[in-house]
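Novice: Generate the whole structure from the sequences, applying the supplied hints.
Protein sequence lines correspond, in order, to chains H and L. If you read the first sequence in numbering that gives the first Met the number 0, its first letter stands for residue 0, the second for the next number, and so on. If you read the second sequence in numbering that gives the first Met the number 0, its first letter stands for residue 0, the second for the next number, and so on.
By construction, these hints were calculated from the structure, which means they are not laboratory data. For each residue, glycine too, the CB sits at the ideal point set by N, CA and C. One should not assume that every hint holds.
[As the list claims (entries may be wrong)] Simulated restraints, written as ranges between beta carbons of each label pair:
| # | chain 1 | residue 1 | chain 2 | residue 2 | range |
| --- | --- | --- | --- | --- | --- |
| 1 | H | Ala168 | L | Leu47 | 31 to 41 Å |
| 2 | H | Met158 | L | Glu75 | 25 to 35 Å |
| 3 | L | Gly164 | H | Trp61 | 24 to 34 Å |
| 4 | L | Thr136 | H | Arg226 | 50 to 60 Å |
| 5 | L | Val46 | H | Phe163 | 41 to 51 Å |
| 6 | H | Phe310 | L | Leu47 | 47 to 57 Å |
| 7 | H | Leu126 | L | Glu75 | 48 to 58 Å |
| 8 | H | Val60 | L | Leu172 | 19 to 29 Å |
[Said to hold, decoys possible] Listed next, the stretches of chain L that the computed footprint assigns to chain H, with coverage defined by at least 3 CB atoms under 8 Å from CB atoms of chain H:
| # | segment |
| --- | --- |
| 9 | 110-119 |
| 10 | 159-168 |
| 11 | 237-247 |
| 12 | 267-275 |
| 13 | 278-285 |
| 14 | 290-296 |
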Amino acid sequence: MVRFLLRRLGHGVLVLWLISMAIFALFFVAPSNVAQTLAGRQATPETIALIQHRLGLDLPVWKQYLNFVTNAVQGNLGYDYYHQVPVTTIIGQALPVTLSLALGAAVLWLLLGVTNGVISAVHPRSLADRGLTMFALFFYSFPSFLLGLLLLYFLYYRMTMAGFDWFPAGGYTAFSDGPAVWFQHLILPWIALALLLAATYTRLTRGSMLDVLGEDYIRTARSKGIRESRVVVRHGLRSALTPVVTQFGIDLGQLVGGVVVTETVFSLPGLGKTVVTAINQQDLPVIIGIVLFASAAVVVANILVDVAYAFLDPRVRLH
Amino acid sequence: MTAALELVDVVDEPKAIEGRSPLVLALRRLRRDKVAMISLAVIILIVLMAVFAPVFAAITGHPPNEQYRDIGLTPEGLPRAPNGTFWFGTDELGRDVLVRIAYGARVSLLVGVFATAITVVVGVVLGLAAGFLGGITDTILTRLIDVVLSVPFLLVAIALVSITGPSLSVTVLVIGFFSWASVARIVRGQVLSLREREFVEAARSLGASDGRIMFVDVLPNVLAPVIVYTTLLVPVVIVTQATLSFLGLGLPPPTADWGGMINSSQNYYTTAWWFILFPGLALLITTLAFNLFGDGVRDAFDPRADRS
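Specialist: In structure tokens, the structure reads:
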């Protein structure tokens, strides 16, 4: 088990290293006029050169990369071009927003997806099954920005016009500033994200439940006279959840860098929105730092999923 | 069914049993699927709308980028609601929303088709190579797949497009570049088990080259999952393109595309519902039709999945 873990960790580090190189190369071969922007329109070439020197932009790319990696290994991802704030601080500020969004939505979509999947699987081809499958597919087809705008239109604009200002138009309030306000600001983004993702889980749970419910041990459990609800939940769902757990780990890792749209629509200052702002300002250290951080989240999530799998199924460890 | 087995069927009993390839059987199942057929009809309608976009412009008499600042905008400079002249209303610059939706279909479908094609071709070839050749090729390609799948796609796509400047080819390439890995992974997995089968050994003992075995003998056997994945990939690609446009990284203005229209309608959603409703509906109907059709294709090619 330890060897398996070490090998996976090694792979993870290798993947991150390759990504860091690729991203660094990509952004540094692109023409950048950030020094010009910083210096202002009337700047002399000397000023621009000085700024470039101070930002380390006059060094050869490979040397910049070496500096970056040396610092990154020590937990320093550099400083943003405009205010010299450490990128790790910027990530530290944006991460709680993204995590609040992702985790809250996760609770919703798991509840929704797994419940619907189980109902579908227990009564396959019934009206409920067909209805829920259509429901899932409908929201799965929804572009996330469209769903977000729709929620804003009906639940924020229309409700507020009607005198019920239950849902704010966007923005974020920290949990420590009051859980109720925090909840109020996040409920629409949660719904928007959860409806999209629940579809995958409905389908996954349904498929895996159908397989499990056909197994011999389910028949055994039934023939022992165990209540049907207990058979379905205790015996069926328990083993049917393995693929769901896997998918959940992968999705959660992806979400760290994948909620750009939801954060933009609902003006949540999370990682995604921060990157979009940084891109508009050509703030390279911030872009590279957050992209790397988000990649690391995917890599770590994948390792955790593999480890969980290896615990559940010892055969995996051999490969 | 392997290619070799079917050959035997046809040669031995040409009359007694009619040889039907799995593809024919799947298509037959697909044709009986009402939902899939309706979705296909909707897809064909959308394609026709894209092809005949100039007809929309001719009938209404409004070119897609013509700004009717006099008759297309209210005295306050706001978009006009649907009326006899502008059936779907106008946008913030007084342009005809209906005509722009028809032209926007071209962008969505072009990106959908080309990016999917690149993704599938690259994914299949690299997946075949990794699974079949094994060894160092497999190690390198698998590592590459891991890297691509670990990259936060949307973030990097946004960054890339902002560097290169938005254009149709950049969008297609960026989507293709980040999507091939999942196809390659699926194909590799299938090929890994296929290459141990007898028919591959038979082909090899007949002196077939690696390339021939890969593309003539193994490839047809992985087509079913690839076809299923491809049909389900098209709507994902269309949404991705629309998302990039929505974030302001679509096609440079004044080109009409649905994501861009929805983006500019955001500031008007309280005053001009038609401006967001119609492009939004166009996008939603398109993705829904492709997803429903893809679902039907999946059922048709994998009847064991019990419609799950």
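Novice: Confirm or reject each hint.
Specialist: Comparing the hints with the structure gives:
1. H/Ala168 and L/Leu47 have their C-beta atoms about 39 Å apart, which keeps the hinted 31 to 41 Å range intact.
2. In this structure the supplied range 25 to 35 Å holds for H/Met158 paired with L/Glu75, their Cβ-Cβ distance being about 26 Å.
3. For the pair L/Gly164 and H/Trp61, the beta carbons lie near 27 Å from each other, so the given range of 24 to 34 Å is met.
4. The hinted window of 50 to 60 Å between L/Thr136 and H/Arg226 holds, with their beta carbons roughly 54 Å apart.
5. Restraint check, L/Val46 to H/Phe163: a C-beta distance of roughly 43 Å satisfies the suggested window 41 to 51 Å.
6. Between H/Phe310 and L/Leu47 the Cβ separation comes to about 54 Å, which falls inside the hinted range of 47 to 57 Å.
7. Taking the beta carbon of each, H/Leu126 and L/Glu75 are about 50 Å apart, inside 48 to 58 Å as hinted.
8. At about 23 Å, the beta-carbon gap between H/Val60 and L/Leu172 stays in the expected band of 19 to 29 Å.
9. Here the segment 110-119 of chain L counts 0 residues with a CB under 8 Å from a CB of chain H, which misses the bar of 3, and the coverage is violated.
10. By the rule of at least three residues with a Cβ nearer than 8 Å to a Cβ of chain H, the coverage given for the segment 159-168 of chain L holds, with 4 such residues.
11. Counting residues of the segment 237-247 of chain L whose CB falls under 8 Å from any CB of chain H gives 5; the rule of at least 3 is met.
12. Look at the segment 267-275 of chain L against chain H: 3 of its residues bring a Cβ nearer than 8 Å to a Cβ of that chain, three or more, so the hint holds.
13. Under a criterion of three residues with beta carbons nearer than 8 Å to beta carbons of chain H, the stated coverage of the segment 278-285 of chain L is upheld, 3 such residues being counted.
14. Interface restraint, the segment 290-296 of chain L with chain H: holds (3 residues with C-beta to C-beta distance below 8 Å; minimum three).
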